[in-house]
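Q: Fit chain E to the known structure of chain X by using the hints.
As you go down the protein sequences, you meet chains X and E in turn.
Each residue of the first sequence is one higher than the last, beginning at 0 in numbering that gives the first Met the number 0.
Each residue of the second sequence is one higher than the last, beginning at 0 in numbering that gives the first Met the number 0.
If you are wondering where the hints come from, they were derived from the structure by calculation, not from laboratory data.
Here the structure is a predicted model, which is why all the values come from computation and not from measurement.
We treat Cβ as the ideally placed atom computed from N, Cα and C, and that holds for glycine.
Don't take every hint at face value.
[Unchecked claim] Taking CB as the label site, the calculated pair distances span: (1) X:Glu212 to E:Ala279: 23 to 33 Å; (2) E:Pro85 to X:Ser199: 46 to 56 Å; (3) E:Ala89 to X:Ser199: 24 to 34 Å; (4) E:Asn88 to X:Glu257: 30 to 40 Å; (5) E:Val182 to X:Ser199: 38 to 48 Å; (6) E:Val156 to X:Leu109: 26 to 36 Å.
Chain by chain, the residues:
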Amino acid sequence: MKDRLTPKNIIFALFVCFLPLLMYGIDAIALFLSHQDIYLSLPSGDYMLRIIVRAYLYMLLAIGLNIVCGFTGLLDLGYVGFYLIGGYTAGLLMARLGVSYWIALPLAVLNGALWGLLRGAPTLRLTGDYFAIVTFGFAELLFRIVKNEQWLIGGPNGLVRDIPPPAILGVVFNQNWHNYYHILILLTLVVFIAYRLQHSRVGRAWVAIREDEQAAESMGIDVSRYKALAFAVSAAIGGLGGGFVAQFQVNISAPFFEFWESILILCMVVLGGMGSIRGAMIGAAILGSLGEVLRPGFIIPYQFGGSRYLIFGIILILLMRFRPGGLTLKKA
Amino acid sequence: MAQFLEQIINGLVLGGIYALIAVGYTMVYGIIQLINFAHGEIFMFGAYIALMLITVFGIPFWVALPLSMILCGMLGMLMDLVAYRPLRNAPRLSALITAIGMSLALQNLARMIWSARPRQFPSEVLPTIFLSQNAVSLPGGATLPYRDVFIILLALVLMVALNRLIYLTKIGKAMRACAQNPVAANLMGIRTNRVIAITFIIGSALGAVAGVMVGLREVVTPTMGYYKGVAAFAAAVLGGIGNITGAMLGGIIIGLAEVFGAGYISSGYRLAIAYIIMIAVIVIRPSGLFGRSTGHRA
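In isolation and in its complexed conformation, chain X is listed as follows (with noise of 0.2 Å):
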């Protein structure tokens, strides 16, 4: 990384920072003005930082996914698998065993990363559709166990409850900007990972298996172990988001898990450019704080609830059509 310091990424940097902001106030207005016939204000600023939190929490999933869909280029529709992973993990450590939230969380990542390489293990040889199918076949697998395992997870639909806050010497981290700059210095970790990991022999290895698995491997790439390295590596991060929203969320359950979520941090990622940490966090920023924007009752009327994934779809085959690298890509 000799690009360190350029003025390039110090701009994105500040952009990344303020991209929520800016959103902030979209999505501000988009709640006044679709609420003012009921109250005349504006939403309470914790509303707001949380949906600035999940705005970062996408961010650092769509990098994840990004490192096995951009970096490999294999296709993971099942990426909310690991997500679930580290959720359940983390909640079920947290709220049934007393576990700290500080060692629930390295564990979560650990077993979600764990998972990756079970997943990834039979599924090295398969490309394309294939792959895609079978990550998808996991996740929707662990998804009904967990909505109907009730013996483990405890509650009717996959419900983990009362999730407490993580605490240091006796001080709780329950505030919503706790939160934000806990969310801040994982993101900021991960994105650093994924930057190194990037820009370094690993990176470069990843990239060669993405343009032609055949030509890596007669160049001397094991082409497996480094395959098995981005699915740990993604899955970790998934681990990570899922054991941060366990306590973000206080009370977790199945439906947070479901197929389409995939799909949406599968869409920013695209959004952004496959293969693109930019682009990913860009991506992300942009569909993770639409959601006050597309809720019914602004643009879209009440009568059309639900259609935002409508519009996510028409992003996706849009982008396909005209724009295949992403809005931060050179047109491929």
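A: Below, chain E without anything else, positioned relative to chain X:
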């Protein structure tokens, strides 16, 4: 014993429905190597279109069914024209993502138009023979509704017709040629894009029939295309993707497995059984149980 017999019938009916949907997946995959995720949504639209024709426009069932097939065929062709044709030479990943986007868009369009409320074909507008109390009694106390007989027979007739179409007609020959090698077929004077459009029309029309069949037995919801679509896709994979006969047999196997799994293991895992079979087949034997006649990669 009666329960067992009824489960077998349920499995066969479900299997016939899956087979009709699976054929749509497998035909498209055989020619353009694209998993058309939106095919499940076409199937869902088939059910809704028939429902609307019957309830809103008061069209009799026997007219609404073919009309729904035609409209869904048009929808499938339009989908190919708008979304997939421009990406014919793009990387396969782009087309796959487009298909997912299409599925997402159509499913939520249906939710916007018809709301998420489950609907049923109202019993007073259906031919009386389809009411569930009209049934044959089988030995052992089991019953076989005429409705199920109709579904199995119709599925069978359509399958045979499709098979004949592909192996005996000129357009079928063109389809097989395109599946083997689209470029060579094009050079031999086959209009590849037209053949692909016809493939989409046939697949979508069969999907629409399956949608109406589901509507006769269960409820119609915007998410049915997603759930049933995945199970049908599992059937296509099981039969060897690109292999039409395999898809039919795969449909029956998945249907039976699902019904027996739900009956004897746990109803919460209905769909999980299809997923497990699908993953196992892809990982252990990617060419499917019956090999594949077309298709180019594992």
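Q: Would you mind marking each hint as holding or not holding in the structure?
A: Structure-based check of each hint:
Between X:Glu212 and E:Ala279 the CB atoms are about 24 Å apart, so this pair conforms to the stated range of 23 to 33 Å. At roughly 37 Å, the beta carbons of E:Pro85 and X:Ser199 sit outside the given window of 46 to 56 Å. About 30 Å separates the C-beta atoms of E:Ala89 and X:Ser199, a value consistent with the hinted range of 24 to 34 Å. For the pair E:Asn88 and X:Glu257, the supplied restraint of 30 to 40 Å holds, since their beta-carbon distance comes to about 34 Å.
Between E:Val182 and X:Ser199 the beta carbon distance is about 40 Å. The supplied range of 38 to 48 Å therefore holds. At roughly 56 Å, the beta carbons of E:Val156 and X:Leu109 sit outside the given window of 26 to 36 Å.
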